[in-house]
Amino acid sequence: DTGVSQNPRHKITKRGQNVTFRCDPISEHNRLYWYRQTLGQGPEFLTYFQNEAQLEKSRLLSDRFSAERPKGSFSTLEIQRTEQGDSAMYLCASSWDSTTQYFGPGTRLTVL
Amino acid sequence: DQQVKQNSPSLSVQEGRISILNCDYTNSMFDYFLWYKKYPAEGPTFLISISSIKDKNEDGRFTVFLNKSAKHLSLHIVPSQPGDSAVYFCAASPNYGGSQGNLIFGKGTKLSVKP
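Sequence lines, in order, name chains A and B.
Take the first sequence: its letter number 105 is residue 105 in our numbering, and every next letter is one higher.
Each number in our numbering comes from the position in the second sequence (counting from 1) with 112 added on.
Hints are supplied without guarantee of correctness; some may be wrong.
Reference excerpt, derived from the structure (chain B facing chain A, CB under 7 Å, subset only) [said to hold, decoys possible]:
1. Glu154
2. Phe158
3. Asn214
4. Gly218
5. Lys219
6. Gly220
Under 10 Å between C-beta atoms, here's a sample of chain B residues computed to sit facing chain A [unchecked claim]:
7. Ser140
8. Met141
9. Tyr144
10. Leu146
11. Leu215
Have a look at the derived ranges for each label pair, beta carbon to beta carbon [what the hints assert, rightly or not]:
12. His10/A <-> His184/B: 31 to 39 Å
13. Ser181/B <-> Arg81/A: 43 to 51 Å
14. Gln41/A <-> Asn179/B: 21 to 29 Å
15. Ser186/B <-> Trp96/A: 21 to 29 Å
16. His10/A <-> Pro121/B: 20 to 28 Å
17. Asn30/A <-> Ala182/B: 34 to 42 Å
18. Thr100/A <-> Ser124/B: 28 to 36 Å
19. Asp167/B <-> Glu83/A: 43 to 51 Å
20. Arg173/B <-> Asn7/A: 31 to 39 Å
21. Gly85/A <-> Thr157/B: 23 to 31 Å
22. Asn139/B <-> Glu68/A: 28 to 36 Å
23. Ala53/A <-> Arg173/B: 18 to 26 Å
Honestly, the hints are just simulated from the structure, not real lab data.
A virtual CB, placed ideally from N, CA and C, is assigned to each residue, including glycine.
Input sequences plus hints: build the corresponding full structure.
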């Protein structure tokens with residue numbers, strides 16, 4: 001399977017804990033995106049990388065959130081001091097250009 | 113302030129008939145539009161896209177129409193099949209300074225195709 005993969009698929013944590021998610025994009029794609037989706041809403045853009053450079057961040061990405069793509073391949077999204085409002089599906093997408101983005105299966109986060 | 117709107121939360125269609133899903137946008141700077149399909153517990157799957165320089169794009173049973181003057185696009189599925197039952201998201205790509213292709217999504221329309 002050469003699609004976008006995300007791990008873990010599900011994460012349950014207690015409020016105040018830190019969590020980290022991983023995304024492995026399609027191998028030849030140089031652009032990687034993170035989105036968040038809550039119930040009844042469409043995905044909302046969080047941040048974007050071109051190779052290892054983080055080029056854009058949404059105002060939704062508070063200072064508790066940090067994303068990295070150290071070697072321009074996989075990416076991690078860390079949430080520090082989780083809050084119940086962080087409960088959502090976190091989606092990763094990759095693309096070769098700025099148009100068609102291909103999404104992974106997502107990581108569902110539940111903060112208790 | 114929603115820039116991409118899908119005003120119908122749900123749509124029910126009989127198998128074999130046409131499904132028409134609608135999407136409106138407010139930002140005239142959007143230059144590329146996409147439709148994604150999403151099954152429960154999965155990520156969105158790309159279906160079809162259209163550039164703002166076109167008014168129609170067709171791929172098999174799926175056709176997307178773009179009316180720039182009305183800031184409206186629609187997805188037609190003909191004939192509809194039970195396997196098409198999913199949530200369909202309309203997305204737009206901004207083309208203004210500083211943006212590198214982040215997509216702005218509508219809230220989705222849940223399509224149910226009944227046998």
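Going down the list of hints, with the structure as the test:
no.: 1; hint: Glu154; result: holds, 6 Å
no.: 2; hint: Phe158; result: holds, 6 Å
no.: 3; hint: Asn214; result: holds, 4 Å
no.: 4; hint: Gly218; result: holds, 5 Å
no.: 5; hint: Lys219; result: holds, 5 Å
no.: 6; hint: Gly220; result: holds, 6 Å
no.: 7; hint: Ser140; result: violated, 18 Å
no.: 8; hint: Met141; result: violated, 14 Å
no.: 9; hint: Tyr144; result: holds, 5 Å
no.: 10; hint: Leu146; result: holds, 7 Å
no.: 11; hint: Leu215; result: holds, 6 Å
no.: 12; hint: His10/A <-> His184/B: 31 to 39 Å; result: holds, 38 Å
no.: 13; hint: Ser181/B <-> Arg81/A: 43 to 51 Å; result: holds, 48 Å
no.: 14; hint: Gln41/A <-> Asn179/B: 21 to 29 Å; result: holds, 25 Å
no.: 15; hint: Ser186/B <-> Trp96/A: 21 to 29 Å; result: holds, 27 Å
no.: 16; hint: His10/A <-> Pro121/B: 20 to 28 Å; result: holds, 26 Å
no.: 17; hint: Asn30/A <-> Ala182/B: 34 to 42 Å; result: holds, 35 Å
no.: 18; hint: Thr100/A <-> Ser124/B: 28 to 36 Å; result: holds, 29 Å
no.: 19; hint: Asp167/B <-> Glu83/A: 43 to 51 Å; result: holds, 45 Å
no.: 20; hint: Arg173/B <-> Asn7/A: 31 to 39 Å; result: holds, 34 Å
no.: 21; hint: Gly85/A <-> Thr157/B: 23 to 31 Å; result: holds, 28 Å
no.: 22; hint: Asn139/B <-> Glu68/A: 28 to 36 Å; result: holds, 31 Å
no.: 23; hint: Ala53/A <-> Arg173/B: 18 to 26 Å; result: violated, 39 Å
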